[in-house]
Amino acid sequence: QVFKTLVCRGDHTGVLFAVVPAGAELDFKAAARLCGDRSVEMVALREVQPLTGYIRGGVTVLGARKDYPAYADETIELFDVISVSAGVRGTQLLLAPSDYLRATKARTGPLTR
156 QVFKTLVCRG DHTGVLFAVV PAGAELDFKA AARLCGDRSV EMVALREVQP
206 LTGYIRGGVT VLGARKDYPA YADETIELFD VISVSAGVRG TQLLLAPSDY
256 LRATKARTGP LTR
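Position 10 (the sequence shown) corresponds to 165 in our numbering; numbering is contiguous.
Do not rely on the hints blindly, as some may be mistaken.
[Claimed, not checked] Computed beta-carbon distance windows for the label pairs:
hint : residue 1 : residue 2 : range
1    : Gly264    : Gly178    : 14 to 20 Å
2    : Leu233    : Arg193    : 27 to 33 Å
3    : Ala241    : Lys221    : 16 to 22 Å
4    : Glu180    : Ile210    : 19 to 25 Å
5    : Gln156    : Arg211    : 28 to 34 Å
6    : Lys184    : Leu249    : 27 to 33 Å
7    : His167    : Ala241    : 28 to 34 Å
8    : Thr267    : Gly212    : 16 to 22 Å
9    : Asp166    : Leu249    : 20 to 26 Å
10   : Arg262    : Glu196    : 14 to 20 Å
11   : Asp222    : Gln247    : 18 to 24 Å
12   : Ala177    : Asp222    : 20 to 26 Å
[To be verified] Once the Cα atoms are required to be at most 20 Å apart in a straight line, the calculated EDC-like pairs of lysine to aspartate or glutamate come out as:
hint : residue 1 : residue 2
13   : Lys221    : Glu196
14   : Lys221    : Asp166
15   : Lys221    : Asp235
In case anyone wonders, no lab produced these hints; they're calculated from the structure.
Glycine residues also receive a C-beta, built at the ideal position from the N, C-alpha and C atoms.
Please work from the sequences and hints to get the whole structure.
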């Protein structure tokens, strides 16, 4: 299962990563609840690289420029192996969800519609 990493901003949390299944849409209200914010929105495309060090399509929590909080959709735990960006557009990293969650310190919960 492929998961994409979105760069968002919460009204209290600030910049954060939302990790959701590639075919799913982020539920901003659910993300805000999980983060403890009143609202969450996507950062502007022009901000993605300065904030993370990665270009759009290559964003990953692993090795990001700063240690922003990460939140992963709860479905991540349903799979034996997941695929996430390896930091370069078109390159994926395969690993166990438990290893990914441990490495990123991501909190899980409902994030998609």
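Checked hints:
no. : hint                         : in the structure
1   : Gly264 to Gly178: 14 to 20 Å : holds, 19 Å
2   : Leu233 to Arg193: 27 to 33 Å : holds, 29 Å
3   : Ala241 to Lys221: 16 to 22 Å : holds, 19 Å
4   : Glu180 to Ile210: 19 to 25 Å : holds, 22 Å
5   : Gln156 to Arg211: 28 to 34 Å : violated, 21 Å
6   : Lys184 to Leu249: 27 to 33 Å : holds, 31 Å
7   : His167 to Ala241: 28 to 34 Å : holds, 31 Å
8   : Thr267 to Gly212: 16 to 22 Å : holds, 19 Å
9   : Asp166 to Leu249: 20 to 26 Å : violated, 35 Å
10  : Arg262 to Glu196: 14 to 20 Å : holds, 19 Å
11  : Asp222 to Gln247: 18 to 24 Å : holds, 22 Å
12  : Ala177 to Asp222: 20 to 26 Å : holds, 24 Å
13  : Lys221 to Glu196             : holds, 19 Å
14  : Lys221 to Asp166             : holds, 18 Å
15  : Lys221 to Asp235             : violated, 28 Å
Of the numbered hints stated above, those contradicted by the structure are hints 5, 9, 15, listed in ascending order.
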